[in-house]
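Undergrad: Below are the chains, spelled out letter by letter.
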Amino acid sequence: MSAESTILFALILPLAGAAGIALAGRINANLRETVTLVTAGGLAMLVWSLLPSLLAGKRPGVTVTELMPGVEIAFRVEPLGMLFAALASGLWIINSLYSIGYMRGNNEKNQTRFYVLFAVSLSATIGVAFAGNLITLFLFYEILTLSTYPLVAHKGDEKTIRSARVYLGILLTTSIGLFLPAIIWTYAVAGGGDFVPGGFLAGHIEGPAVGLLLGLFVFGIGKAAVMPVHRWLPAAMVAPTPVSALLHAVAVVKAGVFTITKVIVYVFGVEFLFAEPSSGWLLYAAAFTIITASIVALRQQNLKRLLAYSTIAQLSYVVMAAAILKPLAEIGAAIHMVAHAFGKITLFFAAGAIYVASKKTEINQLKGIGRRMPVTMTAFTIGALSMIGVPPTGGFVSKWYILAGAFQDDNYVALATIILSTVLNAAYFLPIIYMAWFMREEDAPGNEHGEAPWPAVLALALTALLTIGFFFFHGATIELERQVVENLS
Amino acid sequence: MNALVAHLPALQVVVPMIVAPLVVLLRPRGLAWAACTMASVLAFAIAIQLVQGVLAAGPVSYLMGSWPAPYGIELKVDTLSALMLLVVTGASVFSLVGGRQSLDAQIDEGRQPYFYAAWLLALAGFSGIVVAADAFNIFVFMEVSSLASYVLIAGGPDRRALPAVFKYLIMGTIGATFYLIGVGLIYMMTGTLNLADMEVLIHTVAAQRPILAAAGFITVGLALKAAIFPLHVWLPNAYTYAPHMVTAFLAACSTKVSLYILLRFDFFVFQGNLEGHAFQFAAYLMPLAILGILVGSAVAMFEKNIKRLLAFSSIAQIGYIMLGASFVTVAGLTAGIVHIFNHALAKGALFLAVALFATVAAGLRLDDLKGIARRMPWTFGAFVIAALSLIGIPGTAGFISKWYLISAAMELGTAGLPLVAVILVSSLMAVVYVWRIVEAACFGEATDEPTSPASAPPMLVAILWLAAAANIYFGLVPELPLTLSGDAAAELLNHLP
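Chains Y and Z, in that order, give the protein sequences. Heads up: the first sequence begins at 680 in the numbering used here, then just goes up one per residue. Heads up: the second sequence begins at 76 in the numbering used here, then just goes up one per residue.
Hint data in this document are derived by calculation from the structure and do not stem from the laboratory. These numbers come from a predicted model, not from an experiment. Beta carbons are placed, not taken as given, at the ideal position from N, Cα and C, and that holds for glycine. Just to be clear, a hint being listed does not mean it is correct.
[To be verified] In the EDC-like style, the derived pairs of lysine to aspartate or glutamate whose C-alpha atoms are separated by at most 16 Å in a straight line are:
1) Z:445 with Y:1127
2) Y:834 with Z:514
3) Z:445 with Y:837
4) Y:838 with Z:566
5) Y:1039 with Y:1127
6) Z:151 with Z:566
[Claimed, not checked] Label pairs and their calculated CB-CB ranges:
7) Y:691 with Z:350: 56 to 66 Å
8) Y:787 with Z:99: 50 to 60 Å
9) Z:144 with Y:885: 53 to 63 Å
10) Z:377 with Y:1157: 27 to 37 Å
11) Z:308 with Y:963: 47 to 57 Å
12) Y:698 with Z:179: 40 to 50 Å
13) Y:870 with Z:548: 45 to 55 Å
14) Z:249 with Y:787: 54 to 64 Å
15) Y:1110 with Z:492: 49 to 59 Å
16) Y:702 with Z:554: 52 to 62 Å
17) Y:870 with Z:544: 51 to 61 Å
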């Protein structure tokens, strides 16, 4: 199969899978889950089959249709998007496994709708990853918002709907109110929006307007959750945990920081932004988000909300790394997407497993739970260590690169932020680990539980292994992402 | 066949006009509907033929009885009118083909032949306005279409339609009279009614004051008919209490036909000739357009009845069309004209979905629609697609118009930035009012059991999905409406000095 048709198939397959899931859902649940797993496996194979040609330096692309003169729906695979797509499609397999355990263990309603929409949002994610220009990216960005909304509102009670309204409201408002004008502005000044290595805005726009346009992009891309447009992410935690795990730790939020990185690298151009003082604010905005979100996380009692604020902080690591505007930091931004994905999905899986097995959601309920759920809590510990950046976990690798990038530019703001936030990360994760393993259970008797259903445990064990594995085997990722910045000094 | 092709502009009007009196005679059940639908499908086919002809060979002029233009009656189809014909006949076909059960349920069987005759007269009137090339025939067809519309709106079982239609009748008549006064003044000064002739002869008139007065009368009169804010008060109730299929038909095309005449008169006749009229046009219409957009959207955000909500949204959308036109640039006019097409697609589909909701729900307040998404998942899916098009989400037709409108506003430089803000804010307001419906439909618990076990007519569901698919198709492949409206915009501006 040619690379062009592979790209299109990767977009269509999850949609076909969604239709298949809807049909199979009428027959029986096992068949439906089989369709989900087969679709996820097929998607991963398609996406990963593009990897060799990418490593060989090719950039396969395909134009689907021309909307308006100069405005096309087109796809082009480049290293950043490849990494993102590979990550999302790979983790979808594990997440589907986990979903089966979680949704059945919890007796959730409307499971068919859940799996259908999950497949649709994966298609949208691949669309974002492979988009060849701004308008295509925007199209799939919006589809991703809309298709995840019913997943967030899954439970359907009053409180959930209110949170889902916040979710949709913030994401749509920012994207239509800021992101879209930024895109139209870009098309208006540059005559096009195709992603070009090294950027294409240099010479078309200058002075404070650059900072303003960058602001429209950064705050318009609400999925990146740079403060003050972060409120939707804690709100999204009302969703079933598999949604929080894959979508709000990987696909949706990574679509946000991925888009920002892509805009910085392929629209503005790293060197152009570096030379333009009006863009300097982004580093501070990201640093502010990292520190503030970490402090807020310290004060959270609900485990999933804590993880949400931790995600906000970690997302801004990526934004800040991209905003350092140095080659090593751009690589750091890309691999932090991966490292954080492995770690955070593990943490969410663990939180969900705890909920399924024991119905516990608050941190102070977790005393002594390590003895009842040793596998889950071991995985949780590994994920938390990765968030802090302790070797041998993936989080260490990306922090290393971001730090190295910061040193390239003697960027002390970034250095201080990373150090301070590492301390804060440790301050909110270590007490949980301590509580779980070393304190005595003070539960009322009668809540005798063990581990969650086996598919869930298997899934979180796998992602925990990936978190450690990424520490040892990240060479290919670095090699791929080096291509993004190889034309930079 | 070739002989017929030359007569297509006339046939566009003649076919529905002739079938209308025949329909009255068709007493047996269903026949009137069938005849009306067939005539309307034929009209649609003629419109498609005309579009192809115009795209291939440029504007088509047709001389009634072969009398040369300023003396005889001329019909003219250019890209702008071709696009309008497509919208008008398309709306009629979609509503009729899908709407049989809905209309059967709402119109007494005995009155049906008259009702369908009125429908065809409305169709003939709208088409006549679009193809006519002289001011007086436009007036005649305007009256034909208006009178027929009053009958259609009042034709349903809802008694509240009567005061609504009375209000519409009074205001519509005032509008038509204003228009006629304006045309009379121009005729008095120039001695011609043919638009092309007028354009030339107005130059030669020494006293410009009556012409200015005529411009004022015509613009205000047409603004009334087009429901441009603040002359929109007749519209919400008329749309709300009309039979559902009538709402779908009229919402897709009726006000737009008046906008069409307004554009024609302003660009063909007045702007090139009157001192500073381009500025007056923009300065007069732009604030009204902006107010219409904001007020219409704001009211829609708080409306409780879904039809009224969509009617107020229409007032905002008419504002978009006027806003684009008031830029007096190619990009702006293209945006306005393409929005005529795209909004017809979106709003038509939405009202078709409303008609389907009405077959199951007890009423059309948002409270009545609670939980309807579970009962009618297919209808609801199509409704959401059309609603996204109304908001202007990429991948739908509505996005194309938004993109053009925002780009056109940005072309104006700094002055355009507040306009961009208005467009974006109103898009967000659209998100709010659309999402109120979606939330009610998805999450609300049904307050009572379905009053009627009647299932949705499958034909209407199919037509609705066709309309929803068209919203996506023209969002991804918008070449046809864009070509037509781009050409139309260029041609309108050609008439400016």
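Undergrad: All the hints need checking, so say for each whether the structure fits it.
TA: Each hint, compared with the structure:
At roughly 41 Å between alpha-carbon atoms, residue 445 (chain Z) and residue 1127 (chain Y) are farther apart than 16 Å, so this suggested pair is violated. Between residue 834 (chain Y) and residue 514 (chain Z), the direct Cα distance comes to roughly 13 Å. Compliance with the 16 Å bound is thereby established for this hinted pair. Taking the CA atoms of residue 445 (chain Z) and residue 837 (chain Y), the gap is about 14 Å. The hint holds against a cut of 16 Å. The straight-line distance between the Cα atoms of residue 838 (chain Y) and residue 566 (chain Z) is roughly 55 Å, outside the 16 Å bound, and the hint therefore fails.
Taking the CA atoms of residue 1039 (chain Y) and residue 1127 (chain Y), the gap is about 13 Å. The hint holds against a cut of 16 Å. Proposed proximity of residue 151 (chain Z) and residue 566 (chain Z) is supported: the alpha carbons are some 14 Å apart, at most 16 Å. Restraint check, residue 691 (chain Y) to residue 350 (chain Z): a C-beta distance of roughly 59 Å satisfies the suggested window 56 to 66 Å. Distance hint for residue 787 (chain Y) and residue 99 (chain Z): a CB-CB separation of about 59 Å, consistent with the stated range 50 to 60 Å.
Taking 53 to 63 Å as the suggested C-beta distance range, the pair residue 144 (chain Z) and residue 885 (chain Y) conforms, at roughly 55 Å. For the pair residue 377 (chain Z) and residue 1157 (chain Y), the beta carbons lie near 55 Å from each other, so the given range of 27 to 37 Å is not met. For residue 308 (chain Z) paired with residue 963 (chain Y), a C-beta distance near 52 Å keeps the hint of 47 to 57 Å intact. A beta carbon spacing of about 34 Å between residue 698 (chain Y) and residue 179 (chain Z) contradicts the range 40 to 50 Å that was offered as a hint.
One distance hint, 45 to 55 Å for the beta-carbon pair residue 870 (chain Y) and residue 548 (chain Z), is violated here, with the actual separation near 27 Å. Evaluation of the 54 to 64 Å hint for residue 249 (chain Z) and residue 787 (chain Y) yields a pass: the beta carbon distance comes to about 60 Å. Range check, residue 1110 (chain Y) to residue 492 (chain Z): Cβ separation about 50 Å, and the 49 to 59 Å hint holds. For the pair residue 702 (chain Y) and residue 554 (chain Z), the beta carbons lie near 34 Å from each other, so the given range of 52 to 62 Å is not met.
Evaluation of the 51 to 61 Å hint for residue 870 (chain Y) and residue 544 (chain Z) yields a failure: the beta carbon distance comes to about 32 Å.
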